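**Q** Here the protein sequences line up with chains A and B, keeping their order. So the first sequence is residues 1 to 114, counted in our numbering. So the second sequence is residues 1 to 116, counted in our numbering.
What the hints contain is simulated information worked out from the structure, not anything from laboratory work. Computed from a prediction, not measured in an experiment: that's the story for all the values here. Treat the hints with caution; some may be incorrect.
The calculated BS3-like cross-link candidates involving lysine-lysine, where the alpha carbons are at most 30 angstroms apart (straight line), are [to be verified]:
#: 1; chain 1: B; residue 1: 14; chain 2: A; residue 2: 3
#: 2; chain 1: B; residue 1: 55; chain 2: A; residue 2: 101
#: 3; chain 1: A; residue 1: 101; chain 2: B; residue 2: 64
#: 4; chain 1: A; residue 1: 113; chain 2: B; residue 2: 41
#: 5; chain 1: B; residue 1: 14; chain 2: B; residue 2: 66
#: 6; chain 1: A; residue 1: 3; chain 2: B; residue 2: 64
Pairwise CB distance ranges (calculated) [to be verified]:
#: 7; chain 1: B; residue 1: 15; chain 2: A; residue 2: 19; range: 43 to 51 angstroms
#: 8; chain 1: A; residue 1: 57; chain 2: B; residue 2: 39; range: 17 to 25 angstroms
#: 9; chain 1: A; residue 1: 106; chain 2: B; residue 2: 1; range: 21 to 29 angstroms
#: 10; chain 1: A; residue 1: 74; chain 2: B; residue 2: 74; range: 18 to 26 angstroms
#: 11; chain 1: B; residue 1: 74; chain 2: A; residue 2: 11; range: 42 to 50 angstroms
#: 12; chain 1: B; residue 1: 39; chain 2: A; residue 2: 45; range: 18 to 26 angstroms
C-beta: ideal position from N, C-alpha, C; glycine also.
Below are the chains, spelled out letter by letter.
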Amino acid sequence: LAKTTQPISMDSYEGQEVNITCSHNNIATNDYITWYQQFPSQGPRFIIQGYKTKVTNEVASLFIPADRKSSTLSLPRVSLSDTAVYYCLVGDRMIYNQGGKLIFGQGTELSVKP
Amino acid sequence: GAVVSQHPSRVICKSGTSVKIECRSLDFQATTMFWYRQFPKQSLMLMATSNEGSKATYEQGVEKDKFLINHASLTLSTLTVTSAHPEDSSFYICSAAPGTGYNEQFFGPGTRLTVL
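All chains, please: the whole structure from these sequences, using the hints.
**A** This is the structure in structure tokens:
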């Protein structure tokens, strides 16, 4: 799995857009980028996954530049309930749908203030 | 979506006792499940890979005799912390992949173990 680097923490206010960037310089051709969200004392929850360009779902958007060496998770109009730790993972899609090891980095602790 | 459950959600035990934690895939079968441990303010650390019908594969530094893993069926994996000590107090999380049709692993809600 490619090593990932994220900011340790970020602060935001309610209603703002939050962008969390993840660096993965050694991403392989077959690797996908996946973001998980974890609330205190809960298991991680899948947010979004992408391979290139832009992916959007009802929760977030994922922007991936052409060189794929980084990615940005964008959370529109955050609320207090978005306060959580966000993890960026990079790996072959088979890891996810066939059950391979996931290695979590340190994650980004997002704090949303009123 | 697929659901993974854990039981119990929290457990308190005395030092020297053993504790069993169950991880179940409720609506899918999983030949492989994973066990993680998470200390406060830290990331998830993979402990072991649980394989149905065979021995678990442990990550470097994880004591296999202390953390016993049994994957007796395609929907159940158990983690037993033997002779627990206060330093084993942690948040234990399992995960599983439903397979075809999904592109994510699903995580259980976690089990908070406190050893007195």
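**Q** Taken at face value, is the distance from the CA of residue 101 (chain A) to the CA of residue 55 (chain B) at most 30 angstroms?
**A** Given that 30 angstroms is the threshold and the Cα spacing comes to 16 angstroms, the pair holds.
**Q** CA of residue 113 (chain A) to CA of residue 41 (chain B), is that 30 angstroms or under?
**A** Satisfied, since the Cα-Cα distance of roughly 19 angstroms is no more than 30 angstroms.
**Q** Regarding residue 74 (chain A) and residue 74 (chain B), is the given constraint of 18 to 26 angstroms on their beta-carbon distance met?
**A** For residue 74 (chain A) and residue 74 (chain B) the Cβ distance comes to about 38 angstroms; the hint is violated.
**Q** Hinted pair, alpha-carbon criterion (30 angstroms max): residue 14 (chain B), residue 3 (chain A). Please report holds or violated.
**A** Not satisfied, since the Cα-Cα distance of roughly 39 angstroms exceeds 30 angstroms.
**Q** Tell me if the beta carbons of residue 39 (chain B) and residue 45 (chain A) are separated by a distance inside 18 to 26 angstroms.
**A** holds (20 angstroms)
**Q** Looking only at beta-carbon atoms, does the pair residue 15 (chain B), residue 19 (chain A) fall within the given range of 43 to 51 angstroms?
**A** About 46 angstroms separates the Cβ atoms of residue 15 (chain B) and residue 19 (chain A), which means 43 to 51 angstroms holds.
**Q** Would the hint linking residue 3 (chain A) and residue 64 (chain B) be met if the CA-CA limit is 30 angstroms?
**A** holds (27 angstroms)
**Q** How does the Cβ-Cβ distance of residue 57 (chain A) and residue 39 (chain B) compare with 17 to 25 angstroms: does it lie in that range?
**A** With Cβ atoms ~31 angstroms apart, the hint is violated.
**Q** Take the C-alpha atoms of residue 101 (chain A) and residue 64 (chain B), compute the straight-line distance between them, and say whether it is at most 30 angstroms.
**A** Given pair residue 101 (chain A), residue 64 (chain B) holds - Cα atoms ~18 angstroms apart, limit 30 angstroms.
**Q** For the pair supplied as a hint, residue 14 (chain B) and residue 66 (chain B), confirm whether the alpha-carbon distance does not exceed 30 angstroms.
**A** holds (16 angstroms)
**Q** Holds or violated: the 42 to 50 angstroms window for the beta-carbon distance between residue 74 (chain B) and residue 11 (chain A)?
**A** holds (44 angstroms)
**Q** Taking 21 to 29 angstroms as the stated bounds, is the beta-carbon spacing between residue 106 (chain A) and residue 1 (chain B) within them?
**A** At roughly 27 angstroms between Cβ atoms, residue 1 (chain B) and residue 106 (chain A) fall inside 21 to 29 angstroms, so the hint holds.
Of the numbered hints given earlier, the model fails hints 1, 8 and 10; all others are met.
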